[in-house]
Amino acid sequence: MKKQLLSTLLCASMVAGTLACAGTVFADEAAAEGPVLNIQCWNEEFKSRLTDHYPGYEEVDATHGKIGDVEVVWTITPSDDNAYQNNLDTILPENEGAEDPVDLFLVEADYALKYVNSEVEVTEKVADLGLTEDELANQYQYTKDVVTDANGDLRGVSWQGCPGLLIYNREAAKEVLGTDDPAEVQEFVKDWDTFNETAAKLKEAGYNAVSTVNDTYRVYANNTTSKWVDDEGKINIDPNIEKWVQDSKALVDAGETTTNELWSDDWNKGFYPDGKVFAYFGPAWLINFCMAADTEGSIANQGGWGACVGPQGFYWGGTWICAAKGTDNPTLVADIMRQLTTNEEIMTDIVKADNDFVNNKPAMEAAAQDDSYAFAVLGGQNPLGLFCEGCEKIDLSNLSNYDQGCTEEFQNAMKNYFDGNMSYEEAVDQFYKAVVEKYPELTY
Amino acid sequence: MGKKKSKVVQYNRWGYIFMIPFLVTYLIFQLIPLITTVYNSFFENYRSGLKQIGPNFIGFQNYATIFGNPDLWKYFGNTMIMWIAGFIPQIFFSLLLGAWFTDTSLRLKGQRFWKTVIYLPNLIMASAFAMLFFTLFGDSGPINSMLTSMGIVSAPIKFLSQTGTARGLVAFMNFIMWFGNTTILLMAGMMGIDPSLFEAAQVDGATATQVFWKITLPLLRPILVYTMITSLIGGLQMFDVPQILTNGTGDPARNTMTLIMYLNKHLFSKNFGLAGALSVFLFIVTGILSLIVFKITVRKEK
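Protein chains in written order, with this note's numbering: chain A, 72 to 515; chain B, 11 to 312.
Keep in mind that a hint or two might mislead.
Stated by the list, open to error - Which stretches of chain A does chain B cover? Using the computed rule of at least three CB atoms under 8 Å from a CB of chain B, they are: (1) 147-161; (2) 183-192; (3) 336-346; (4) 488-497; (5) 505-512.
Note that these hints are calculated values from the structure, not bench results. Glycine included, every Cβ here is placed at the ideal spot set by N, Cα and C.
The shape of chain B in the complex, shown without the other chains (with noise of 0.2 Å):
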């Protein structure tokens, strides 16, 4: 008897073995990081030249400084529109690329060749391709100089000082990048549905387009909600391909800075009072969002 159960203790502590590197990691780079973050976000602390000033205790200061600045919802919506310009041809895109992929009815010919093709783009680091899109849609860049010689536009389009184009841009370039990555996600999703409902509903006579709205979606939904999280919180925290993109500035009018690149802005001067209290309420945006998507598409299911 006390043999037995001394085993199964023992399998227990293997588990906790097994955890240890990943608890060790998560407690150095995210739960330490998150912690003094937060204890940061209290302190008027910046560089000024050579010229340390403080830390000082302010309190909520920074905080009232950063709602206090009506840019900030301006950043944070710049933020959205992108991710969401993004995020919709994203999901179209590998939902429709997922169910052809997945659907054995069609039998598509290499596959496997296609599946590496639009995962690619991930693969490309994300400054790269920023650094290719700004040479190609510079105002003499190759775009530019193809439009006009077709004789599509008269002068060149100054993709990079209007708004809607710089952000269609930027919501462009992270499709592209990130379509392959959910469409492998989804597929697997698709492929983890039990066929005998998919064969079930051919023999009832259900066409592509009902199976696809009335059997694969619903049941795809746990990969969807995961899906959408991920996307949401990689949207907030878009940096580097606007970044690179806009040199930093954000520009045409500050209309493509994320909130993350005016959290770098404060890093100039290495405020790391106002860039924390900036990421605290990153935090909870994020968290505040994530917990809305969570809720509006598992209720569902109840």
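Here chain A stands alone, though its shape is the one from the complex (with noise of 0.2 Å):
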């Protein structure tokens, strides 16, 4: 290791000295660093990102790439049943001061607080990586909240914005509502009880509302008035989470949609016209990413998708880029950070190129205006501005630390009373007890 080290350092310095080439001032710095950049992330989307937008970074392999001299690893750890942060938890905590450290990890807002509060610090502050607030001026303000320590000192960064509209089938809301424009169906969907009456037309027409109830669920979670884990480590159930489960009761036992999981092959049926579903509910990350728009077939690749608000404001999911505390790596990470989530130029075209909402006000104004941004899959329909709008609503006070767990139990659980196998009580009782083997310190 520390041959390989000496000898980067001196061919580093080699370069420099023959070439002084300016170009090149950038790499020898961060070569001087560190010669691996560890990445720790959960799926292949900032990959993909970093790949296709930053500029001079090679792929060599699935798991390995190139900036200049800086070898980059990538740690792929799906995020199911907490592994993602089960793994980052090992491994945080001994970060500085170890051999191969990790650089660069990224976060959801699920669980950004954790580390961003930790009693022992893992991330380093965005402060003391050079990147200037002017410098990040032009984000929403949202997704620096997400990120914001006790002590307010913003500790991670975000490409991407990700408020939520209801994306809905053109044909079925044709067939059904006699209209596909965007501002004509808000109005059968503009609230809970118009959407669920809506849901009672489509399905006499034979299509799901939505694909399962676990679609809908974050739009009524976003819209709590208390977290889910009080000051006392006390669990709670909030009022309009409760509200999700009546309602998505009355819809499954009318037959007007599922108890699926999400991601599963059964919740995926509804990308394709034969799944008969109405609408998903998702950010422009599940429109792009998520939505087969590549296969021959699916809606998606006909562009037979709407959006339009939907019954509540949400979002869902988002990216916050972090440096690991004890990165060897600073420079780059910063340099990073800086493209990615403030260089105009690359962002817009990442909105071009991949339709993510990107975190940049000014920009995505301009953009929600100009029609050369209509996303393919949304049959020409320019959402910038629904996203943009949906971005200034996005209230992020009722996060906790256990978000995640708490959801993924609680979806859990009430598939037992959709599908009719438990009491409301019962299925609330078990949500309590797999919650509390998860993390032991909470109480009910």
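Dock chain to chain to rebuild the complex, using the hints, since each chain is given by itself in its own frame.
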């Protein structure tokens, strides 16, 4: 290891000495810091962003890349059953001073606070990396709130905004509602009561309103007035979550949706015309990344979706880039953050190439007026205006450290209630037990 | 005289040397983990996110928590129900096939082929097998589309959302996976029975059924005991099949949650204390049950 470091250093200094070329200065600096950039993430999304849009990134193979002289190593751990977080939890506290430290890791809103506010500091302050407030001024405030610690220090940045929309099947809308115009469809789904009435109409025509009950979960869960876990460590179920249970039970009993899990094959069926699903709820990444747009015959492939605001505003997911405490590549990490989250040119490229919604307020507001940003999967509709509007409404004051575990277990437990295997009280009881198994320090 | 004695001693020494690999392996991978498990069960020791809590010595508190949870007996019941539901057809078909394969008067053709075929399911990884069943029996899986298109059912059966079918699937998979193995074992036992006994029975005019009940079964007892104990231990440790089939939830209503799946839940938060206590409980239960099976089946022989 030491030898390798030494030789890399020697090489780097030699290159710098002989060439002294302006373009390589940055690469040299980074090479002087650490030969390997270790990245922890849970899927391919960030990797493809870096590959496609970061200047100078070369792909070597599925888990390796190169930026200048620095080798990039990707460690991808799926987030199912908290595997990704458990992995981080073991590595990060011992990262400082480790031989081959993690340099950069990604977090989601569901658990960002855990790493931002941890007792053992595991993330670098963004200011310490050299990114100034001015540079970040164009980013949406909520994306900063998620990763701001208790002392007000920013500890991560995101290139995307994830306000969600109701994404409806235009064919179904025309057939049942008589229109596929976003503004008119919105009238049929403007609040939950209206939405549920529309669901009944859709049922008569053979459509499920949503693919599964879990589709609407985020929408209810983002409009809560209390946290999953209160300050005393007691588990709490918010009234709006209870409303989700009641509304969903009614939909299931009426045969207007299913109890399948998100991401399952049964959930995916609605991406195709034969799946007979009216709507999905999701942000830009769901539309561009998950709805089988590349598969022949899918609705997305034919541009058959439309987007409107839906019953309530919500957000889903979003990926934040954090620098791990103990990184030996701070300059490179800072540059990745700067390029992907503040460079307007790269960001608008991301919108055009990947139909993502990026974290740059003025650029997005301008793009919302520009027809060249229309999404093919949405049949030429430009949803950026709706996303911009959604971004302003996102409220993250009720996040807690336990959101992912609670969400997962709540959906698992309620499935029993929806399927008729348990009463509501029994399902709640099972939820409590499952959460305490995961987080033994909590009470109920 | 002296020389002869030393030769005997030397042979004994070889015996010990041959035992070393087993002893070392057993010590490292069985005995030490066993002792540390018991040791760990007296500590409060888990992780909450980035925080490590413990290890703090808390005596028998973990055991109190484990036994204070009424669900423990539910999970124990689930495990036993699914094991028995799989074991009964397993032992039935194994005995039947074993008797057929070893019966020389039947002169079955292609024996080798069929023996291989029935053993094959055991070669598939349990998780892959469970994944296959998960897909096959999904709400819109091939089994349901077959049943609906053939008009047997009008709406798809939600196999994994109903207690009976979900447990049934687990039992069925365990049966399919293990009956080949048991058949081979029982056949070995049956072939070890002195053929002259069968011939004598036939000369005396015994029917095939009588031969089976009066000769094969009693003489097969040692092997049967062995099969039952190993299957029981395997059954109590049932994990991979229901875990994968239900995505770790043990649904519906945790009615397919086995003891080891429950144990696994504690490992999520690296809760070694509670998990250790549960393991010790499982160890004791396995010991007692094995002893009971052993006593019942061996006593009659005297």
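The hints, checked one at a time:
no.	hint	verdict
1	147-161	holds (count 5)
2	183-192	holds (count 5)
3	336-346	holds (count 3)
4	488-497	holds (count 4)
5	505-512	holds (count 6)
Hint compliance for this structure: every hint is met.
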